[in-house]
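Student: Given next are the chains, with one letter for each unit.
6 protein chains.
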Amino acid sequence: MELTHFDENGKAVMVDVSGKNVTRRTARAAGKIRVSSGVMNAVLGGSAEKGDVLGAARIAGIMAAKKTSELIPLCHLLPLDSVRISFECDKEAGTISAECTVSNTGKTGVEMEALTGVSVSLLTIYDMCKAIDKRMEIGDIRLIEKHGGKSGDFYA
Amino acid sequence: MELTHFDENGKAVMVDVSGKNVTRRTARAAGKIRVSSGVMNAVLGGSAEKGDVLGAARIAGIMAAKKTSELIPLCHLLPLDSVRISFECDKEAGTISAECTVSNTGKTGVEMEALTGVSVSLLTIYDMCKAIDKRMEIGDIRLIEKHGGKSGDFYA
Amino acid sequence: MELTHFDENGKAVMVDVSGKNVTRRTARAAGKIRVSSGVMNAVLGGSAEKGDVLGAARIAGIMAAKKTSELIPLCHLLPLDSVRISFECDKEAGTISAECTVSNTGKTGVEMEALTGVSVSLLTIYDMCKAIDKRMEIGDIRLIEKHGGKSGDFYA
Amino acid sequence: MELTHFDENGKAVMVDVSGKNVTRRTARAAGKIRVSSGVMNAVLGGSAEKGDVLGAARIAGIMAAKKTSELIPLCHLLPLDSVRISFECDKEAGTISAECTVSNTGKTGVEMEALTGVSVSLLTIYDMCKAIDKRMEIGDIRLIEKHGGKSGDFYA
Amino acid sequence: MELTHFDENGKAVMVDVSGKNVTRRTARAAGKIRVSSGVMNAVLGGSAEKGDVLGAARIAGIMAAKKTSELIPLCHLLPLDSVRISFECDKEAGTISAECTVSNTGKTGVEMEALTGVSVSLLTIYDMCKAIDKRMEIGDIRLIEKHGGKSGDFYA
Amino acid sequence: MELTHFDENGKAVMVDVSGKNVTRRTARAAGKIRVSSGVMNAVLGGSAEKGDVLGAARIAGIMAAKKTSELIPLCHLLPLDSVRISFECDKEAGTISAECTVSNTGKTGVEMEALTGVSVSLLTIYDMCKAIDKRMEIGDIRLIEKHGGKSGDFYA
Chain A
1 MELTHFDENG
11 KAVMVDVSGK
21 NVTRRTARAA
31 GKIRVSSGVM
41 NAVLGGSAEK
51 GDVLGAARIA
61 GIMAAKKTSE
71 LIPLCHLLPL
81 DSVRISFECD
91 KEAGTISAEC
101 TVSNTGKTGV
111 EMEALTGVSV
121 SLLTIYDMCK
131 AIDKRMEIGD
141 IRLIEKHGGK
151 SGDFYA
Chain B
1001 MELTHFDENG
1011 KAVMVDVSGK
1021 NVTRRTARAA
1031 GKIRVSSGVM
1041 NAVLGGSAEK
1051 GDVLGAARIA
1061 GIMAAKKTSE
1071 LIPLCHLLPL
1081 DSVRISFECD
1091 KEAGTISAEC
1101 TVSNTGKTGV
1111 EMEALTGVSV
1121 SLLTIYDMCK
1131 AIDKRMEIGD
1141 IRLIEKHGGK
1151 SGDFYA
Chain C
2001 MELTHFDENG
2011 KAVMVDVSGK
2021 NVTRRTARAA
2031 GKIRVSSGVM
2041 NAVLGGSAEK
2051 GDVLGAARIA
2061 GIMAAKKTSE
2071 LIPLCHLLPL
2081 DSVRISFECD
2091 KEAGTISAEC
2101 TVSNTGKTGV
2111 EMEALTGVSV
2121 SLLTIYDMCK
2131 AIDKRMEIGD
2141 IRLIEKHGGK
2151 SGDFYA
Chain D
3001 MELTHFDENG
3011 KAVMVDVSGK
3021 NVTRRTARAA
3031 GKIRVSSGVM
3041 NAVLGGSAEK
3051 GDVLGAARIA
3061 GIMAAKKTSE
3071 LIPLCHLLPL
3081 DSVRISFECD
3091 KEAGTISAEC
3101 TVSNTGKTGV
3111 EMEALTGVSV
3121 SLLTIYDMCK
3131 AIDKRMEIGD
3141 IRLIEKHGGK
3151 SGDFYA
Chain E
4001 MELTHFDENG
4011 KAVMVDVSGK
4021 NVTRRTARAA
4031 GKIRVSSGVM
4041 NAVLGGSAEK
4051 GDVLGAARIA
4061 GIMAAKKTSE
4071 LIPLCHLLPL
4081 DSVRISFECD
4091 KEAGTISAEC
4101 TVSNTGKTGV
4111 EMEALTGVSV
4121 SLLTIYDMCK
4131 AIDKRMEIGD
4141 IRLIEKHGGK
4151 SGDFYA
Chain F
5001 MELTHFDENG
5011 KAVMVDVSGK
5021 NVTRRTARAA
5031 GKIRVSSGVM
5041 NAVLGGSAEK
5051 GDVLGAARIA
5061 GIMAAKKTSE
5071 LIPLCHLLPL
5081 DSVRISFECD
5091 KEAGTISAEC
5101 TVSNTGKTGV
5111 EMEALTGVSV
5121 SLLTIYDMCK
5131 AIDKRMEIGD
5141 IRLIEKHGGK
5151 SGDFYA
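Protein chains in written order, with our numbering: chain A, 1 to 156; chain B, 1001 to 1156; chain C, 2001 to 2156; chain D, 3001 to 3156; chain E, 4001 to 4156; chain F, 5001 to 5156.
So that you can see chain A by itself, here it is in the shape it has in the complex (with noise of 0.2 Å):
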């Protein structure tokens, strides 16, 4: 097993993906922020405002996603089909969780910008909030399922 970001001297590249097909490919990632219930009352908040902070969260992260290949050095752009991103607010365990969709029609996956999206919907989660307390915690973040492309099926 081998890092495909380095060529044989060990340096890094952008691997060359110009041999590979252009299929349809999926990925989901998803992730949380542990808030205290000050926090989560703010976002769940019974006022005409609810679902603002969400809100922002949601667009953060979908343009992000767009952004990836400008945030991680070895990731090829790739116009995307379709981005989407859930949240879930479980009161109980002081938890909100993410779920980033991404699909595109191309010649390599799109894994980063499904984790990209997550990680930067919840950074605004702890952006918008951290006013009220600063120990929130992001974790969690890892792929769940992958389509298409040579690797095939993925799910954690």
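Heads up, some of the hints might be wrong.
Pair by pair, the computed Cβ-Cβ distance ranges are [what the hints assert, rightly or not]:
1. D:Glu3145 <-> E:Gly4010: 50 to 60 Å
2. E:Asn4041 <-> F:Gly5019: 19 to 29 Å
3. B:Arg1034 <-> A:Asn9: 39 to 49 Å
4. A:Asp7 <-> E:Arg4034: 22 to 32 Å
5. D:Gly3038 <-> B:Tyr1155: 54 to 64 Å
6. A:Asp7 <-> E:Asp4153: 51 to 61 Å
7. E:Gly4019 <-> F:Gly5019: 50 to 60 Å
8. D:Gly3038 <-> B:Asn1021: 38 to 48 Å
9. C:Glu2088 <-> E:Gly4019: 44 to 54 Å
10. C:Ala2156 <-> D:Cys3089: 49 to 59 Å
Since the hints were derived computationally from the structure, they do not count as laboratory data. Glycine residues also receive a C-beta, built at the ideal position from the N, C-alpha and C atoms.
Let chain A serve as the given structure and place chains B, C, D, E and F on it in line with the hints.
Tutor: Just chains B, C, D, E and F now, kept in the frame of chain A:
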């Protein structure tokens, strides 16, 4: 306790910092990625290319810290005084830890920059090693300490 | 009266502001989009998602205000103190008005940031509603007021 | 008629275009800026540098069209085949009109790119002339025609 | 022979490539930076950090190649298949040479991407070594070879 | 003499400038592109559009100077006070020279901004003329002078 990123009507705003003092501010954030032994060996591998994964991840994290206000919708653009990222590989635990320290001289602090630097450096490790194993998991992303500004010192 | 963005040979320059005073400056710009009743109903619609179009447009406008110097060739990069965008839906008139208020503490003002914030938030409304009607029209984009700096107060 | 940029729960998504056909698509948008005679004279002025304001505005509009997906949250990144911007100065009416024509070969069209190109080129004219007069007004931004794709031809 | 980036009225355009064939295209560009022996020793220095200057310059060049269409006004955005940058240090001559090879599958070629990758990697070396010597000089930036597309093979 | 962009363990850092004085700083850089007589004639051509190549290259260089910290990994983001780019066509020598002067008021200088402005303006000339001749060569990119800051005046 209130969300500061919303106005009196519950609409998202980039909060007004014009009345705040220009002071030196620092923030330190951390996080880690859980990797298989195959990935750990590749990262630590005894060859000339040793360190290249972490070298690229460090550059990516520093560049991302500078891009924070482009990623997090309501973050202020802050010219940074310094950005520093370090990694620690724990072969036993199967984890690579990242720490990002940022400082600025301004009206608002750099927590988000430090957290973004950590997140993107860990995502870069994922990207460079995902050909070996896609089951890596990123977590424990949190603020460790913060100094300067009206809210004073913070320690996790 | 002369164009300031050109040097003595008529060549475009980013004008030298080094001799100008650092002062607090604000600018407020406005604009509107004329929409069909179908679009207006969708934007105002009585469902849970009410406000999502305007919520996304607000985030887009704030982020664009921060990006102004990347879009307008001779604009200075200005760290902004605040950005605020508000909308008003006039069902009778069939218009959605946007207003963007920006402030900074610097050597030059933020008119372009306010105008850019308005423009991009209106373009975002267009984008999100264009499946219903492509005949929307964006107009009345103008500076409403401006304070601070050598040229003093301006009111439209 | 429904807003397509939302999923079944009313959450914003970047809509899935994976099932759409790759076809040649074009869009043409227009807009104008109302200027004082002082500004008009400066833009048209009888010197060698004549045209520099419009030249810079053209470049800005072309570059902005390419940046559309970074500005408009739910826009797909679309590699463009062509971008063309033209201006027409009407001294009588006191207006400078801009028109932007964009084409691509892809699964979704380029209306937003054409509208963004027009908007940013007009904002650039504002920026370069605002030392003479800040009362310029940008308006009449609209889609003129559109071809290709499932929805077929559109004429304003 | 004519400049293709202008229309029939001499106005800048992003040229229409919609009628061109999608083919595999590659370009290789090179350049060098002349450095003092102090800089050369620091870059080549016998310590663990050996190679870090070139490692950072390589990452910077790869990322810049992906950003070419944001920098060069009339360049098309091209999803790249591969980017590869190599360096060669000639201690005698006091030069560090950089070479950048880029490939894509598209309607227009990647000369500008290769040249931009070389330029930014050399600028990064300058930046990282300028505390030692500011008299470094960057030159010999040129296209070495190019394949694919209607104009066929090119060799310098 | 040491590389300042590395910490005590040889790891890349964005160096801490927080202790440095805020002073006015300027830098001037230059470079040139060697062109065929066909290219020179097209650039200088006796038509109304004369100057458009250089006009576009000037805008590109100014915008690139503002983007320097996004391109050069360890560069600080510096709000610039001014950017100015000039060209000189030497028909005999077959060269077009570019010069970029940048100033800021900050804790670190703008050499990299001036060098980046020169490089990108020359790359833009290459791009706009490459249909005529691909054998153009960019060189002599160097810092000409620099003022302000602890290291004082520098003249090449």
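Student: Against each hint, give a clear statement of whether it holds in the structure.
Tutor: Here is how each hint holds up against the structure:
no.	hint	in the structure
1	D:Glu3145 <-> E:Gly4010: 50 to 60 Å	25 Å, violated
2	E:Asn4041 <-> F:Gly5019: 19 to 29 Å	28 Å, holds
3	B:Arg1034 <-> A:Asn9: 39 to 49 Å	30 Å, violated
4	A:Asp7 <-> E:Arg4034: 22 to 32 Å	26 Å, holds
5	D:Gly3038 <-> B:Tyr1155: 54 to 64 Å	60 Å, holds
6	A:Asp7 <-> E:Asp4153: 51 to 61 Å	24 Å, violated
7	E:Gly4019 <-> F:Gly5019: 50 to 60 Å	59 Å, holds
8	D:Gly3038 <-> B:Asn1021: 38 to 48 Å	42 Å, holds
9	C:Glu2088 <-> E:Gly4019: 44 to 54 Å	46 Å, holds
10	C:Ala2156 <-> D:Cys3089: 49 to 59 Å	23 Å, violated
Hint compliance for this structure: hints 1, 3, 6, 10 are broken, all remaining hints hold.
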